[in-house]
Amino acid sequence: MDQIALAERAPDQPDLETEERAEGAKQVSFGRLIFLRFLRNQAAVVAAIALILIYLVTLACPFFAPYGPTTRFLDMVAHPPHIPRFIDAEGQFHLQPFVYATVQERDPKTMQRKYSPNTAQIHPLRLFVRAEEYTFLFWRSDLHLFGAEGAAVFLLGADTQGRDLLSRILFGGRISTTVGLIGVAISLCLGIIIGMTSGYLGGAVDSVIQRGIEVLLSFPSLPLWMALSLALPKHWNAVRIFLLITILLSIVGWGGLARVVRGMTLALKSEEYVLASRMSGGDTGWILLRHILPANLSYVIVAATLAVPGIILGETALSFLGLGIQPPMISWGVLLQDAQKVSFLSQMPWLIAPAFFIMATVLAFNFIGDGLRDALDPYSKF
Amino acid sequence: MRTYILQRLLQMIIVMIVVMVASFVIVELPPGDFLTTLREQLTEQNVDPKVIDSTVAMYRERYGLGENWFIRFAKWAWSLMKGDMGYSMQHNRPASDLIGERLSLTLWISVATLVFMFIIAIPIGMLSAIKQYSAWDHAFTFLALLGVSVPSFITALVFLLLSVTMMGATSVAGLFSPEYVTAAWSWAKFVDLLKHVWVILFIVGLGDTASTIRIMRAKMLDTLGEPYIDTARMKGLSSAKIYFRHALRVAINPIISSIGLRFPQIISGSTIVAIVLTLPLIGPLLLDALRGEDVYLACSILVLLTLALIIGNFLADLTLAWLDPRIRLES
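These protein sequences, in sequence, are chains Z and B. Under my numbering, the first residue of the first sequence is numbered 2, with each subsequent residue one higher. Under my numbering, the first residue of the second sequence is numbered 4, with each subsequent residue one higher.
None of these hints come from the bench; they were simulated from the model. Since the structure is predicted, the reported quantities are computational estimates derived from the model, not experimental observations. It cannot be assumed that every hint is accurate.
What the hints assert, rightly or not - The calculated DSS-like cross-link candidates involving lysine-lysine, where the alpha carbons are at most 30 Å apart (straight line), are: (1) Z:342 x B:192; (2) Z:342 x B:198; (3) Z:115 x Z:270; (4) B:53 x B:78; (5) B:134 x B:244; (6) Z:342 x Z:110.
Could you build the full structure based on these sequences and the hints that come with them?
Here it is, written out as structure tokens:
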């Protein structure tokens, strides 16, 4: 990795001959080669940028969200999404997008809520507005990315309690995306430790661990998660439940990773360099950490990237069923609970919006995992 | 072959025992006591106190409640093996009554999904590999990646949204037309089921179909690059013969062996899809049982689902051994 490409050395290199030769055949390090290969896969690069954006926006959600997750607008319950307008009711064009405030009415026959725009006054959308105060990483502020002047703006509509869906999706995303990362980190640790032990020690230990993983993988994961999540004490607070759910998801999910690691370890342990290390007196721990783990790592990272969606979807499914993250904490699955009711969905189709955020995140992880796998494939052409 | 089957059978039994212990422990974990709940429930129904006492005593005896967990487990496991799945406190009925039809319907739908998946995925995967980088290949590769990323319950929700907004449906699409829901099984009911079930198969099977397409394409590409395919070509065999007799036979093995892993996913998928679309499958029953701390019902469902999976895996392994002489000869 730290082997610097010769062609990139400082121009005042004394050895001219070497430099000339390097010009002819550019030499790049393994890490850089993988990076360059990854860059060639445009879909993966787009996905990587999208994923960075998703994580940035959800982590700093108090700033990007126009409102807090529990801020209620009682006169705007079930308000449909605002579409930013450029042309007002008189047909005049405005350079700055704006929205109209709305007045709530009831349909006299069906008693359904209806919102009609009040076209007398326009409310321009502005960037960097001062609104609700929030604390982000010990830092108090009231600056938000955008907001409408003198009116509430719901770009993705409001839910049944008059809360802004976009803000709630961003706050929920913070939980959903974190669950994926923490869950995979735990799965990764378990998978690496157990997989390496199983592959390196072999024999009876290997058989027992492999049968164990088979049992784990032969459980239908969702029913198992459902059963396990109900074993969690109900009186615990939301943060604890969140952590436990994450652990629970990774406990069921490490089997696949352990199999990948075991296979790699099995192939590597008969390599000459491992043998050499053992002959020169390296003990098992040293060999595993210093020789086998680094060689494994790149493939394990690919497997881990492809395992994140499973954990995110697991959390979403559990929370969706009401067995996962508990209110007041919100996640994308919790938000989708409302969309499960046909009566809600028919009147407020925008409640399904969190699903698209879930799909985008999962798709991004899959694209990146694919791109990484292709980049690491030693047989792929370059 | 016989030793192979015996080996696998033995393994199945061990896995089953582990699964039973695990399910029992998991379901026993939540706080709350079956007998207390039962007593409360019977009291609410104004049952004669003497009857309550005797009922409670009967269950205490039958399941060894109040004794240590090992005896409880042994009693439960023994009665399960005799086909008695315990008693559902929520529904006040023996659990086997509740599980019966729902479980068989769930299994049939899962198997149908698997078949549906094969019928769709294998030709598409083959086509993608044979015509690599064609417009078809790009389109299917993209669709497959999309399919892998969309969990079945979101597909179900989108389907729900579409049927509600576009077709103005007020209730959820079920497995049967209203007039057949309670009817006894007949040819007409079966035809009616076929009319409704394809949507469910599509929703449940989408993710697995997509990933099977991807595996099929990759394996087919690998196989087509093998020297023996070139040999076959040079011998002057027709393309159809090369693709189906020589390439497909080898490329399909990982798909067959992945049935074992697909089946749990399909069962999981059908569980949540059934909850979203309120289908009369095992999923909603399990959710209710777990929520209501209906220990024996939940436990029996978990064990039966896993049993179905293990048998499915066993059959998949047998198919694989039958198809691939290398596996047969190894053992």
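Going down the list of hints, with the structure as the test:
no., hint, verdict
1, Z:342 x B:192, "28 Å, holds"
2, Z:342 x B:198, "24 Å, holds"
3, Z:115 x Z:270, "69 Å, violated"
4, B:53 x B:78, "25 Å, holds"
5, B:134 x B:244, "16 Å, holds"
6, Z:342 x Z:110, "23 Å, holds"
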